[in-house]
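Peer 1: Residue-level listing of the chains:
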Amino acid sequence: GEDVEQSLFLSVREGDSSVINCTYTDSSSTYLYWYKQEPGAGLQLLTYIFSNMDMKQDQRLTVLLNKKDKHLSLRIADTQTGDSAIYFCAEKPDSWGKLQFGAGTQVVVTP
Amino acid sequence: DGGITQSPKYLFRKEGQNVTLSCEQNLNHDAMYWYRQDPGQGLRLIYYSQIVNDFQKGDIAEGYSVSREKKESFPLTVTSAQKNPTAFYLCASSTGQGLETQYFGPGTRLLVL
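Chains as they are written, first to last, in my numbering: chain A, 1 to 111; chain B, 1 to 113.
The hints are simulated quantities; they were obtained by calculation from the structure and are not laboratory data. Quantities reported herein were computed from a predicted structural model and do not represent experimental measurements. A couple of the hints might just be wrong.
To be verified - If you want the ones that stay clear, here's a sample from chain A, every Cβ over 10 Å from chain B, calculated:
no., residue
1, 16
2, 59
3, 68
Stated by the list, open to error - In silico DSBU-like links for lysine-lysine, alpha-carbon gap of 35 Å or less:
no., chain 1, residue 1, chain 2, residue 2
4, A, 36, B, 57
5, A, 67, B, 70
6, A, 68, A, 56
7, B, 70, B, 83
8, A, 98, A, 56
9, A, 36, B, 9
10, A, 67, A, 98
11, B, 57, B, 71
12, B, 71, B, 83
13, B, 57, B, 9
14, B, 70, B, 57
15, A, 98, B, 83
16, A, 98, A, 70
17, A, 70, A, 56
18, A, 36, A, 67
19, B, 83, B, 14
20, B, 83, A, 36
21, A, 70, A, 36
22, A, 56, A, 67
23, A, 98, B, 57
24, A, 68, B, 71
25, A, 36, A, 98
26, B, 71, B, 9
27, B, 70, A, 98
28, B, 71, B, 14
29, A, 36, B, 14
30, B, 70, A, 36
31, A, 36, A, 56
32, B, 9, B, 83
33, B, 57, B, 83
34, B, 57, A, 70
35, A, 98, B, 9
36, B, 14, B, 70
37, B, 57, A, 67
38, A, 56, B, 71
39, A, 36, B, 71
40, A, 36, A, 68
Here a beta-carbon is modelled for each residue, glycine too, at the ideal position from N, C-alpha and C.
Bound conformation, chain A alone (with noise of 0.2 Å):
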């Protein structure tokens, strides 16, 4: 099974806020990430958060992480329709950089 769990699904409509939520496991987990992916393409990464902090905002994104949960989540403010994908977390469990993914929460905006 998926060491990193996310929910598959998340239906938002148009200027709303998101939040898509991720449960992991290695709690020496040194950074954590999310990537979005769009139809028939490969992942960009959105924004990463060093395990040493709680919260990272970056523009409509603001990443929270909860280390004694082992509880990661991503909030996109003011949610378009190009927002739409499929997101990622991901996890750095060890020194070197294999990344543990989940299976990814599918977001549909709708107007």
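With chain A fixed as given, assemble chain B onto it according to the hints.
Peer 2: Relative to chain A, chain B alone:
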């Protein structure tokens, strides 16, 4: 422009045939990766390479092979032993240390005739 390229965009395989997917990067990254993506299953790691002339099996290496003769190139061969090869294949690269941002190529969709 720096980045990762994959070719072809679509590839058709006949039964019993080996096919090779190309991945090239000009980011001067040491590490490269191959992932397989199936609907609803996220990304699964096939092979990865930390440095030239070295590579390691990932979680689903059976039926696949790779080589890493040059830093910028990491081709993936899907052999006839891979019985269910239909999937979207993604190549990525990274520095291999520290903040491990992986940069992805646009993907190759492999279909079986």
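Peer 1: Against each hint, give a clear statement of whether it holds in the structure.
Peer 2: Going down the list of hints, with the structure as the test:
no.	hint	result
1	16	25 Å, holds
2	59	18 Å, holds
3	68	23 Å, holds
4	36(A) with 57(B)	26 Å, holds
5	67(A) with 70(B)	39 Å, violated
6	68(A) with 56(A)	17 Å, holds
7	70(B) with 83(B)	29 Å, holds
8	98(A) with 56(A)	23 Å, holds
9	36(A) with 9(B)	19 Å, holds
10	67(A) with 98(A)	20 Å, holds
11	57(B) with 71(B)	18 Å, holds
12	71(B) with 83(B)	30 Å, holds
13	57(B) with 9(B)	24 Å, holds
14	70(B) with 57(B)	18 Å, holds
15	98(A) with 83(B)	26 Å, holds
16	98(A) with 70(A)	19 Å, holds
17	70(A) with 56(A)	16 Å, holds
18	36(A) with 67(A)	23 Å, holds
19	83(B) with 14(B)	11 Å, holds
20	83(B) with 36(A)	30 Å, holds
21	70(A) with 36(A)	21 Å, holds
22	56(A) with 67(A)	14 Å, holds
23	98(A) with 57(B)	12 Å, holds
24	68(A) with 71(B)	40 Å, violated
25	36(A) with 98(A)	18 Å, holds
26	71(B) with 9(B)	22 Å, holds
27	70(B) with 98(A)	20 Å, holds
28	71(B) with 14(B)	30 Å, holds
29	36(A) with 14(B)	32 Å, holds
30	70(B) with 36(A)	29 Å, holds
31	36(A) with 56(A)	17 Å, holds
32	9(B) with 83(B)	21 Å, holds
33	57(B) with 83(B)	18 Å, holds
34	57(B) with 70(A)	28 Å, holds
35	98(A) with 9(B)	25 Å, holds
36	14(B) with 70(B)	29 Å, holds
37	57(B) with 67(A)	30 Å, holds
38	56(A) with 71(B)	34 Å, holds
39	36(A) with 71(B)	27 Å, holds
40	36(A) with 68(A)	26 Å, holds
Violated hints, in rising order: 5, 24; the structure is consistent with all others.
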